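**Q** These protein sequence lines map, in sequence, to chains E, Y and Z.
Start counting the first sequence at 12; every next residue gets the next number (my numbering).
Start counting the second sequence at 845; every next residue gets the next number (my numbering).
Start counting the third sequence at 187; every next residue gets the next number (my numbering).
Don't read these hints as lab results, they were simulated from the structure.
Bear in mind the structure is a predicted one, so any value in this text is a computation, not a measurement.
All residues carry an ideal CB built from backbone N, CA and C; glycine is no exception.
Hints are supplied without guarantee of correctness; some may be wrong.
Unchecked claim - Here are the simulated lysine-lysine pairs, PhoX-like style, with alpha carbons at most 20 Å apart:
id: 1; chain 1: Y; residue 1: K1338; chain 2: Z; residue 2: K230
id: 2; chain 1: E; residue 1: K112; chain 2: Z; residue 2: K340
id: 3; chain 1: E; residue 1: K112; chain 2: E; residue 2: K158
id: 4; chain 1: Z; residue 1: K274; chain 2: E; residue 2: K112
id: 5; chain 1: Z; residue 1: K274; chain 2: Y; residue 2: K1200
id: 6; chain 1: E; residue 1: K291; chain 2: Z; residue 2: K274
Unchecked claim - Here are the simulated distance ranges between beta carbons:
id: 7; chain 1: Y; residue 1: E1362; chain 2: Z; residue 2: D233; range: 48 to 56 Å
id: 8; chain 1: Z; residue 1: D233; chain 2: E; residue 2: Q119; range: 20 to 28 Å
id: 9; chain 1: Z; residue 1: D233; chain 2: E; residue 2: K112; range: 53 to 61 Å
id: 10; chain 1: E; residue 1: S14; chain 2: Z; residue 2: D233; range: 47 to 55 Å
id: 11; chain 1: E; residue 1: K112; chain 2: Z; residue 2: D348; range: 49 to 57 Å
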Amino acid sequence: MSSYALFLGCTIPARQPNYELSARKALAKLGIELVDLANMTCCCPPPIQSIDLETSLAVAAYNICLAEEADLNLITLCSGCFESLAMANTILKDDEQLKAKINRILSQVGKEFLGNKEVKHLLQVLVDDVGLNRLKQSVSKPLSKLKVAPFYGCHALRPSELLKLDDPERPTILENLIETLGAESVEYRNKLKCCGGLLRGYSDDLALNLAREKIVNTTKAGADCIGTLCPFCFVALDIGQMQMKAKFQETYDMPVLHYSELLALALGIDPKELALQTHKIKTDKILNKIS
Amino acid sequence: MGEVKVGVFLSDCGKQLSEILDFEALIKYVKKVSGVVLVGKSSEFWRGKGLQIIVDAVKRGEINRVVVAESLPKLSEVNVVKAVEEAGLNPYLAEVIDLKDHCAWPHRKTPKEATEKAKAMLLSAIERAKLLEPLEKLEFPALKSTLIIGGGIAGMQAAVDLADLGFEVNLVEKAPFLGGLAARAGRFFPTDDCAICIQSPASDVKTITHTSRKCVYRSGFSEIPNLNMLTNSKVVSVEGVPGNYKVTIKKKPTYVDELKCVACDLCTTVCPVEVSDEYNAKLKTRKAIYMRIPNVHPPVYVIDESVCKFHDCAKCVEVCPTKAIKLDQKSEQTTLNVGSIIVATGFQEWDSSVIKEYHYDDYPDVITNLELARMIDGFGPTGGMIIRPSDRRPAKKIVFIQCVGSRDRRWNPYCSSICCMISLKHASLIKSAYPDKDVTICYIDIRTTGREHEDYYERAREMGIKFVKGRPSEISRDPETGKLIVDVEDELLKRLLELEADLVVLAPAMVPAEGTQELAGILGLELDGDGFFKEYNAKLRPTETKLRGIYLCGGATFPKDAPTTSLQAHSAAIKAAKFLTTGKIVKDQRTAVINEDYCGDCEFCPVTCPYGAISLVPTTEEHFVAQVNDLLCEGCGVCVGTCPLNAIELRHSRPNQMLAQMEALMSVNGTSKPLVLAICCSECGHTAVDSSGMAMMQYPANVRVMKVPCTGILQVHQFLEAFKAGAQGVMVVGCKSDGCHYEVGSAKAEKKVELARILLKEYGIEPERLEMFNMVFIEGDKFAEATQTMTKRLEKLGSLQLMGAS
Amino acid sequence: MKHGKEKKTASQAFSSVVKSRLGGETITLCYQCGTCASSCPVGKITDRFNPREVIRLALLGEKDEVISGDAVWLCCSCYNCQERCPQKVEIADVMYALRNIAFKEGYIPNIYSEFASALLNDGRIVGVSKFVEKKRPDIGLPPLQPTGVDSLRKILSATGFDKLQQKKEGA
């Protein structure tokens, strides 16, 4: 049985218990053990990288050290955490000088980054450790009539040289994972474009503008819902939709579900156990469609 | 050998040197050296009466070794050596040294020390002369025939030149017809005339005019009597040496007899197999039997063996009026014996599908310039119409994208040099035929550097072709209209554009032709970092390689336009002909020689030799020894420096000769400063010393210069010998390591110096007494500076006392 | 667009400053092809941000305009530009480097000031309230592990992060 140290980050425990819940339950059913380590902190994603890159690297390295000490690889559910940790892991493994510098900082808290563990995104764990075949076999409630618009966000894929999750221009991992659940993966215009999440709080106008494009394009393409893999994207598209309705005086109704939620549903987990009420855009019609 | 009788001749350069050096003392000194039987002094010895003195002495048999101290030995030596040879003495027994630029000029402020140094220099030359051996000129036969690999315009032009000179020319081309890229390109910039045009051969009786240039098909090319054309052929292996290569060629079957086929096209009408025509940008289909494009030469039909049903069908055989189709044709292997080889394999377009955001692989309406050329061609698959391959409708809006994969650090960092002009050419041809079409070129920079290229660009603008300065980020497709959308920033307007296009034309990077790497392996040629064949020296010898006998021309070394290709073709032809005209290769015998008794078969030397001159041969005792091929050996001595068992010596720079020189140079002191031995390579190092003297730079006379062919010849123990001989410090002066005239010598010397320093430390000698300096001829000031640095350093370190040292 | 006055020493200095910072090492490779500008999702919806322009200003030494402006804060860090840059300029990372310089010199947008404070105080950029933490077992989630605030604070001190919040007058 594969074991991973679970890196939750900040947004998920603070705002999206639904993501955490669906992930824990689905992975448990698939035989992936998640270990909760003490003393993890924020991963220092783009908002902190904007303030000081070195701090972000050092803190990311610190968190990886905790996993190294527990002799576990890390799994992240949030793409922002994935980018921060996986990038730090790769950069420090390759750059001896930088690694030495960061380790000098980490020595102040009694830690040393060794670079002997991997940081993986949920999607990678599903493909590498479970495999699409076993996953298909574990699906007890195929999402047969569901049309899902896959939304990667940015930081699962890019910078591709450092993250190496999939081809940044023509990724297929999410589409494959969606189809493995029995659902139909829907193509739509500008699928890989950013949701504008990072601009929320600095320029809500622009952020909403970018998020709106996603809602419009997925609606045009006939999707029933958007499948996400990042809590930032989720917020931008879910809470964001409420804000868009107010700002642009338009009606949309595009439910946004994390891949792990779709996965949990397909694995037969009772929707009532998934805290779906936390979604601002109601998921009722999705649940109806798949039952 | 008999008694050695040395004649020493001192030129005082029109009495200038005797103002500084005490010639009386020098003559007195030299007379006392054992083996010296004659000493002369004159104002010049390299010509005239002075030279006659030397010649007479040789003829009388009074001397059998000659040492001359003369001005500018690198020039004067030529005369002296020639005269001495004519007088009957082996020219390798004469030695010329420079008391002017290496002694009098740089030490004019310390004439007494200069004189003492001059004594040491003369002694060194005399001791060396005593150990010199006669060497012969080596002659190797050279076949008056050549092989040209590649039948594009480069190969064809070189072929015409060589055939006209009377050589037997073998032209090998991998396609079934000649022309290479030119055949597909249609027209060449800046004249927009036919690409497939070459100079006519002299053998074309009707065209003995000076002004002829002809399309290949009517150039009489294939009728040149001494030209052997092998199309549909590839080079399989090459053995042998320059002047005498044995080349194996494999000719693939076309299944059609070229001499019988009359190109009536009946066969294609009955052939049941139809496939997409890649050569014509998939704009049409072709049959299993087909002619690539109508106006190629020779006009051959070819059967695509991967799709043909052969005897299960044979319909074409039935209808062919001249019985030209031979379904049982087999590959043929031929062996050619040639004297020299010219590589003219050209280049090709890079695979643009790598840049996924441009969708070259999955949008049919995204094509490349070469594919567009087929559309523009009036005889092409679209009859000259510019269409959208997806639905065959006319393309009204055409967008070009430059630098696709070029100037791109991810793929091909260089600029491919011709794509700006190619796109301008295509855009202009389209716009002049169809003025209403909307043509835009998206660029990072427009590079129109050649003759008349800027005018071409101006005319393009006058035609109304639009130019957007910006590299597009993405091509997408409107799902409803099917039109392409090109996302690009117009930097000059600072505006983001979404250009609508029916057709997008990519200008991809130009990369080495397919098969380049394989051919490089077969020929033993080096490729540069971008995979192109590496020329020997881009400035001076752009069509030669470091291997004698193998030459390069055209796009094989780097993408280039037609005029430059022609230039290189003519150049390569001359180079290839150079030694073939005499029918022999004449070489110096200053080559390496291996003592088989010492050779340990370790294989270091064959790997190290930059010219592939050393190979391992089996001996009778079932083990291998290294053997030097005198024809290939360039006389650098790098092998000597590499051999761990001291089994190799370089003639004319043997270890005993070098030791004698070292000891002699250190034996005469006459200076208060510590003695420094400066071992200089004959290329950059020694010339830097010349240069400092010519400019009359002053440096101390404790520095004694010794010349070696290449610093790569030096072995670690020789540095130790120098200290033993009395040197307080040793300078190794060589070419810059990336500019070594013998490729690797300078870098190897650096390694030796490093190793030697470790040893010195073990012996309790300060390692900084030994240092390597790199410089070129015009850095004479660097040499002077280095001597000062060394001298000061040694003065600080104090005197070195070696036990048992002289 | 301001007239660029010739600032000889300043222009040498600023691109070198950026180059010497983590993330900014590749800025001088830029040859202004504009691929980034065309790939940028933010640039598509506003002319307040153009990555090529920001880099150009930085290369020309217009430090003040770059770090005091709002353009650098409009990059949404999607890395599309960095993926497609033909000179392998790490454009998104350069934006971070420029932001880092701006922040250090006191040009601090409010939201980022909040992020910094949250990190220093709670060890998280988004704090988990006691209320939310208590609700976890109700939903079926295991208790939350303690956050390593002490270690984090030490690291933030070691990198000097804690000293960065000196806001410039009127910024």
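**Q** The structure should be examined with respect to each hint, and the outcome stated for every one.
**A** Hint check results:
1. A hinted pair counts as satisfied when its Cα atoms are at most 20 Å apart, and Y:K1338 with Z:K230 qualifies at roughly 12 Å.
2. Between E:K112 and Z:K340, the direct Cα distance comes to roughly 15 Å. Compliance with the 20 Å bound is thereby established for this hinted pair.
3. With a C-alpha separation of about 49 Å, the suggested pairing of E:K112 with E:K158 is violated against the 20 Å cut-off.
4. A distance of roughly 25 Å separates the Cα atoms of Z:K274 and E:K112; the hinted pair therefore is violated under the 20 Å criterion.
5. Straight-line distance between C-alpha atoms of Z:K274 and Y:K1200 comes to about 16 Å, which keeps the hinted pair within the 20 Å bound.
6. Pair hint E:K291 plus Z:K274 does not hold up; C-alpha atoms about 41 Å apart against a cutoff of 20 Å.
7. Evaluation of the 48 to 56 Å hint for Y:E1362 and Z:D233 yields a pass: the beta carbon distance comes to about 53 Å.
8. The hint said 20 to 28 Å for the Cβ distance between Z:D233 and E:Q119, and at roughly 45 Å that hint is violated.
9. The beta-carbon spacing between Z:D233 and E:K112, approximately 39 Å, falls outside the hinted interval of 53 to 61 Å.
10. For E:S14 and Z:D233, the hinted distance range of 47 to 55 Å is satisfied, since their beta carbons lie about 50 Å from each other.
11. Taking 49 to 57 Å as the suggested C-beta distance range, the pair E:K112 and Z:D348 does not conform, at roughly 18 Å.
Hints 3, 4, 6, 8, 9 and 11 from the list above are not met by this structure, while the remaining hints are.
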